[in-house]
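> Sequence:
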Amino acid sequence: MFSLFSAYPTFMIFLGVAIAMVITMVLMPAWIRFLKTSHIGQQVRADGPQSHLVKQGTPTMGGVIMLIAVIVFTLLASVGAPTAELWLLLGATVATGILGLIDDASKVAHERSLGLTPKAKLIGQFLIAAVFVLVAVNLLGIKPTVEIPFVATLDLGVLTTVVPVGEGIAIPWLYLIYCLILLVGLCNAVNLTDGLDGLAAGTVMVVMLVMAAIAFRAGVLEPALFAGALAGACIGFLWFNSHPADIFMGDTGSLALGMALGCLAVVTKTEFVVIIIGGLFVAEALSVMIQVFYYKKTKKRIFLMAPLHHHFEKKGWSETKVVVRFWIVSGMLAACGFVLYFATTLGA
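If you count the sequence shown from 1, position 121 lands on 121 in this note's numbering, and the numbers rise without skipping.
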């Protein structure tokens, strides 16, 4: 199958979208029935919008099926020709999904909206991100640089220490720190975005399609295949997650998707441009940070409620209107990021 990919890469990327979508749509109904009979449902924030209280008990952990769809297609596509890039991307994504699954299971077991402690989740995310970056630099040969389009290429590998283990492990400290902030930041930003029916799945779908196009343009075809499969899984999940949602992806899905986005940025060398491509996620995260900081200083709120999508709900927008408009904004930002990346690669 991978020989077919090398001969017809565009076809295979679209095939990845289609197969992951179909697998998700086929498996999800049975998963929903299992979750309902097992009484595994979402625990809604008590301080959230009152309109969300009806979502209490809605099946969660839909991200399990999304990850299964991506894993199945990745294994099918890799038969006979496994690549380090593909396995590393898949490993980091699945590991983060497992972390999210533990968090979701804790919420259900204790019947509360908070699962693992924030400290525990952050430690897990930082460990996964650190392993990914160090393997990417040492095994895949990823350069420890950050390219700012039309400005400069920052070499963050200047401060590099070699640990005498075997042949040595290069640890580019500045690049590692930057990537840790980026990967963990995106991981939690997508998680914060997952607050309305169809919001996270729809925005991630758009972003992953753009990342697939960037990976294809960069000539790293396996990551393009991976991004396409993630987009397909999001499309399939949207069938069941559209308002009113039959199931939520939970932290199993949102944390994994956020980590996958950050890891794709490292592999495609878009560590700066991804901030624009995923600008909606960045805005959601910043709204929470600004709200918390300003409230601690003044005991007043800038937003009616954070994250940002709840602010617009409080202003009177319907849930569907918020979701669709955020999809549009996400598409615009992703398109701007792609155009910026494409312009910098002309003539390359």
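Keep in mind that the hints were calculated from the coordinates and are not lab data.
Any given hint could be a false lead.
[Claimed, not checked] Taking CB as the label site, the calculated pair distances span:
(1) 344 x 141: 33 to 41 Å
(2) 145 x 36: 46 to 54 Å
(3) 152 x 315: 26 to 34 Å
(4) 143 x 301: 36 to 44 Å
(5) 339 x 301: 32 to 40 Å
(6) 127 x 148: 27 to 35 Å
(7) 292 x 152: 15 to 23 Å
(8) 37 x 343: 49 to 57 Å
(9) 345 x 321: 33 to 41 Å
(10) 173 x 33: 24 to 32 Å
(11) 345 x 33: 41 to 49 Å
(12) 296 x 76: 32 to 40 Å
(13) 297 x 239: 41 to 49 Å
[As the list claims (entries may be wrong)] Listed next, the in silico SDA-like pairs over lysine to any residue satisfying Cα-Cα at most 25 Å (straight line):
(14) 36 x 244
(15) 296 x 314
(16) 315 x 339
Just so you know, even glycine gets a beta-carbon here, dropped at the ideal spot from N, CA and C.
> Against this structure, judge whether each hint is valid.
Structure-based check of all given hints:
1. 344 x 141: 33 to 41 Å: violated (21 Å)
2. 145 x 36: 46 to 54 Å: At roughly 49 Å between Cβ atoms, residue 36 and residue 145 fall inside 46 to 54 Å, so the hint holds.
3. 152 x 315: 26 to 34 Å: violated (40 Å)
4. 143 x 301: 36 to 44 Å: This hint holds: roughly 43 Å between Cβ atoms.
5. 339 x 301: 32 to 40 Å: holds (36 Å)
6. 127 x 148: 27 to 35 Å: At roughly 28 Å between Cβ atoms, residue 148 and residue 127 fall inside 27 to 35 Å, so the hint holds.
7. 292 x 152: 15 to 23 Å: Given about 33 Å between the Cβ atoms, the range is violated.
8. 37 x 343: 49 to 57 Å: holds (53 Å)
9. 345 x 321: 33 to 41 Å: About 37 Å separates the Cβ atoms of residue 345 and residue 321, which means 33 to 41 Å holds.
10. 173 x 33: 24 to 32 Å: Given range 24 to 32 Å: violated, Cβ gap about 50 Å.
11. 345 x 33: 41 to 49 Å: Roughly 47 Å apart at Cβ, these two residues keep to the hinted range, so it holds.
12. 296 x 76: 32 to 40 Å: violated (50 Å)
13. 297 x 239: 41 to 49 Å: holds (44 Å)
14. 36 x 244: holds (16 Å)
15. 296 x 314: holds (21 Å)
16. 315 x 339: violated (33 Å)
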